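Protein chains in written order, with this note's numbering: chain R, 1 to 346; chain Y, 1 to 332; chain C, 1 to 251.
For the record, the hints were derived by calculation from the structure and aren't laboratory data. As the structure is a computational prediction, the values presented were derived from the model and not from experiment. Please note that a few of the clues may not be correct.
Claimed, not checked - Distance ranges between label pairs, derived from CB positions:
(1) 45/R with 132/Y: 31 to 39 Å
(2) 72/C with 218/Y: 20 to 28 Å
(3) 219/R with 228/Y: 38 to 46 Å
(4) 48/Y with 300/R: 34 to 42 Å
(5) 228/Y with 72/C: 18 to 26 Å
(6) 266/R with 316/Y: 35 to 43 Å
(7) 342/R with 150/Y: 48 to 56 Å
(8) 228/Y with 19/C: 28 to 36 Å
(9) 65/C with 195/Y: 50 to 58 Å
(10) 342/R with 163/Y: 38 to 46 Å
(11) 107/C with 219/R: 57 to 65 Å
(12) 193/C with 150/Y: 55 to 63 Å
(13) 81/C with 170/Y: 51 to 59 Å
(14) 207/R with 280/Y: 31 to 39 Å
Said to hold, decoys possible - DSS-like cross-link-like pairs, simulated, lysine-lysine; straight-line CA separation at most 30 Å:
(15) 166/R with 266/R
(16) 180/Y with 112/R
(17) 199/R with 269/R
(18) 138/R with 180/Y
(19) 116/R with 180/Y
(20) 192/C with 134/C
(21) 123/C with 168/C
(22) 316/R with 189/R
(23) 180/Y with 117/R
(24) 269/R with 212/R
(25) 115/R with 180/Y
(26) 186/C with 134/C
(27) 138/Y with 117/C
(28) 62/R with 345/R
(29) 316/R with 243/R
(30) 168/C with 14/C
Ideal Cβ positions, reconstructed from N, Cα and C, are used throughout, including at glycine.
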Amino acid sequence: MKRKSSAVILLAVAALTVSSVLPGQAAAKKKAKDVKIAAVVKGLDNPFFIGIKEGIEETALKYGIRANVQAAPGLNDDVGQANKLDSLAGQNYDCYIVIPISSNNLSQAVGKITKKKKTVINIDSPIDATSLAAAGGKVTSFAGTDNFAAGEAGGKDMIAKIGTGKTIGLIAGLAGNVTSAARIDGFKKGALAADPTVKFVGPENADWDTTKALDKANAMLLANPSIAAFFAANDQMAQGISKATNIGTKKIYGVDGIADALTLVKSGKISATISQYPYVMGQMGVQACIIAAQGGKVPEKTITPYYIIDSSNIDKALANNSSRGYFPNQLPPGTYDNPYEKLIKK
Amino acid sequence: MDTKSNPGSASKPGADSKLSFKQRLRDPYFWSDWLVVVAFLLVIVVFGAINPSAFLSIYNLNNILVASAIPAIIVVGQTFTVATAGIDLSVSSILTLGAVIFGICFTKELPVWVCMLGGMLAGMIAGIINGLIISVRKINDFIVTLGMLSIAAGTALVLSNGRPVQIINSGLANVAINEKFGVPYLMYIAFAIVVFSHFLLFHTRFGVHLLAVGGDPDSARAMGVSIVRIKVAVYGISGLLAGFAATLAIARIGAAEPAANTAILLNSVAAVVLGGVSLFGGRATIFGPFVATLLLQALSNGLTIIGVASYYQYISVGIVVILSASLVRNVR
Amino acid sequence: MSTTSLAIECNAVKKSFGNVNALKGATISARPGEVTAIVGDNGAGKTTLIKCIAGVYQPDEGEIRINGESVTFDSPESARVAGIETVYQNLSLVEDLTIWQNLFLNREITKNLGVVKILNRAKMREESEAMLKKLDVYIPSVRSRTRGLSGGQRQAVAICRAVGWGSKVVIMDEPTAALGARETMKVEELIKKMKAQGLAILLISHNFEQVLRLSDHIFVMRQGDVIAGMRTKDTTGDELVALITGSAKRG
Ligand SMILES: Nc1ncnc2c1ncn2[C@@H]1O[C@H](COP(=O)(O)OP(=O)(O)O)[C@@H](O)[C@H]1O
Ligand SMILES: [Mg+2]
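Based on the sequences and whatever the hints tell you, model everything.
Here's what the structure looks like:
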């Protein structure tokens, strides 16, 4: 699988749409190292969230803070995650970084924290504004990826590589998952914009799972031999597709940018991964906490970067490797804008 | 109350126990019932010593009670099924199905109480189907409810199109957030169900028949007790409670979520075992598993507060479950 | 024999399981106030016969009469309603339940609150004690679980349960097979008391001495047939052995 292309930096950062001045919640200015931070992320059974956790912990340490990072007790345990946040809310943290399992499940817990006049920073998946308002909660800043935009970029790029009039197989994550739906919908939009004649097969749900994706890909190829390329809503599923019997040299795109995916891009087994940077989300979450504690203006919403990593920039991406984790691709292979960093007072 | 026949009441001193203290100490079941209480107190004391200001604050104890309410209701249903020597693996999926039905009714702008009944009815029907297949077709409980786990989860996804329904209702939110005399409303509801279930198990004909079917189905049948009726009732109750818990889950998270939360299932089985209920059936208490639920939530809460990383929390909870179960076994 | 003085009669009862003819036309009868023993080798059809009487099995052919009236039982419940109680080899006691709960299993005394049937525990305990007392059975507490009882005590509880319900016929399938000498004696005492109370007792036993000690009438079964019936005083252990093994015949 060879591909020559210019580095496609689709979006270095679309950021800082709105900045708002927040009432000085921590009126007394704090030194960065005195800010106490707790975080509740999703289940740590996914490299993506481990990446976020590392971003939070390592960034906090850089400022001399030891952050308490907790995860939901189990997959889909929405109530359990709310319990976790409740447990932490009873303690004297200045700031809580949260990633809700669903768009509503943490609203009430955030409401309780807001009542205690503490800061909440929301990263990765947004908390629904209506339910948050109903619970009397307030989120000071949001930093997350735009999964729809990432999918859309992938769709455009894939058509550029395979040409027009082709059929693309789509493999989604868990049925009903918002992230999966955004990536798939974005991909379709991007591909249709580049080629209105493109046809799709699926999406089939493979529950984010490598083996299930392999089975689905085999079945789809059997039923539709005309499939020219696959798009999977995450890298593990892209990896599964790459092992399908009749896959040949068909193009495969995944999303996330996990370690295995980078290796597979390097070896040509998959064509590209639309890489997101969970580490950066964790980083921005911590920095937002510090700004708020120092009484500064916190950017209300920041979109974290994504890059399409393919043969053209894989070496650079691999050079960015951290020594550990499933998500070694900690920082993007190019520049990106961090609106938070410069707002922190030394 | 007959202290020996339903050891769960051991925590209520005196009623009319004719057995001497010494005799009671020799009853292994006495120990299996007290073990969970001792373990619970131990958890409170240990975390209270490590971080008294955070763990023992009214705010935090309240959190533990809120967190325990929904699992406590599910555990009651699970206790009933385990007492008949069965198990209900479908509780978490049935809860999800109940929530989805609630969501559908809510979207159709039906009153909240109708939505709640809708969820409960769906749960009860799923449970009755479980019970009928288990008792009439004589298929293993584990297999049938495992199948129902999948069917209910799938039905929930189909009916909801995989999308959550946001449910903003001040009445429900009020129930989830507020408290009276320092105890959250949710816990009053859960505790009422616990007390009623205790009454059902130990003070009604149904309860005796349930324990008879669990302890020795052949003898129960020989005495004319209908196994089918008991099994259907037990799984129906478990489904009904899961459908009811769906409303509380909705109250708590403000949405009907279409994806099943298996943590609830694992928690319920762990609490039943910790609570000293025999997996072989015939022996049960309601208060044991209830205290075990408080214990598990206090443990999770305490570990979070002292900042134990999530990875280790899984391990600790697992160790507590296995350790207690083996202690109970040793005493027996 | 006048028909009316018979508590129970089986006339030419047949029962097969697939191609096994467990009963080929068994005829027996039992009188109130008497112990009627059924003896026979393993597989002779004794258990099958009493299960037909107790409503567990339905005979393929033949007739069962209770106090002269022809009956058909579709379940053990309907036999019980007609006054026939059975103490099976396994006793049908639920070990995890207390003695009083076992004595009243499926016959609980309740106060009905709508559909909820609330147990009247005090009354059932009281009556349990009376039931045990009536047959002079000593058990420390009716509140203890059945699990802790000795084999003899269990047998006694099962017998008390069978007797306690105004029953007319009590059927016992090898009641002392699993008991020691002492406990066997106690159960025999119980059987005598039941007899004194005017019950008709059908007793299956492999113990000839016991049969000769306790019974008033004996039926011998072999290969699904009742091959002999006689008053106990007219027979001996040797004759019974000969009949059972088939080396002798008697009308
Ligand atoms: N439920 C059954 N199904 C098939 N065969 C049976 C069944 N019950 C008894 N039999 C057979 O009927 C015959 C009589 O058995 P049974 O009445 O138990 O004898 P006994 O009690 O005299 O030892 C035996 O051959 C036995 O194997
Ligand atoms: Mg027999």
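The hints, checked one at a time:
| no. | hint | result |
| --- | --- | --- |
| 1 | 45/R with 132/Y: 31 to 39 Å | holds (36 Å) |
| 2 | 72/C with 218/Y: 20 to 28 Å | holds (24 Å) |
| 3 | 219/R with 228/Y: 38 to 46 Å | holds (41 Å) |
| 4 | 48/Y with 300/R: 34 to 42 Å | holds (40 Å) |
| 5 | 228/Y with 72/C: 18 to 26 Å | holds (23 Å) |
| 6 | 266/R with 316/Y: 35 to 43 Å | holds (40 Å) |
| 7 | 342/R with 150/Y: 48 to 56 Å | holds (52 Å) |
| 8 | 228/Y with 19/C: 28 to 36 Å | holds (31 Å) |
| 9 | 65/C with 195/Y: 50 to 58 Å | holds (52 Å) |
| 10 | 342/R with 163/Y: 38 to 46 Å | holds (39 Å) |
| 11 | 107/C with 219/R: 57 to 65 Å | holds (60 Å) |
| 12 | 193/C with 150/Y: 55 to 63 Å | holds (58 Å) |
| 13 | 81/C with 170/Y: 51 to 59 Å | holds (57 Å) |
| 14 | 207/R with 280/Y: 31 to 39 Å | holds (35 Å) |
| 15 | 166/R with 266/R | holds (25 Å) |
| 16 | 180/Y with 112/R | holds (17 Å) |
| 17 | 199/R with 269/R | holds (23 Å) |
| 18 | 138/R with 180/Y | holds (26 Å) |
| 19 | 116/R with 180/Y | holds (20 Å) |
| 20 | 192/C with 134/C | holds (13 Å) |
| 21 | 123/C with 168/C | holds (24 Å) |
| 22 | 316/R with 189/R | holds (29 Å) |
| 23 | 180/Y with 117/R | holds (23 Å) |
| 24 | 269/R with 212/R | holds (18 Å) |
| 25 | 115/R with 180/Y | holds (19 Å) |
| 26 | 186/C with 134/C | holds (14 Å) |
| 27 | 138/Y with 117/C | holds (28 Å) |
| 28 | 62/R with 345/R | holds (14 Å) |
| 29 | 316/R with 243/R | holds (26 Å) |
| 30 | 168/C with 14/C | holds (24 Å) |
Violated hints for the displayed structure: none, as all numbered hints are satisfied.
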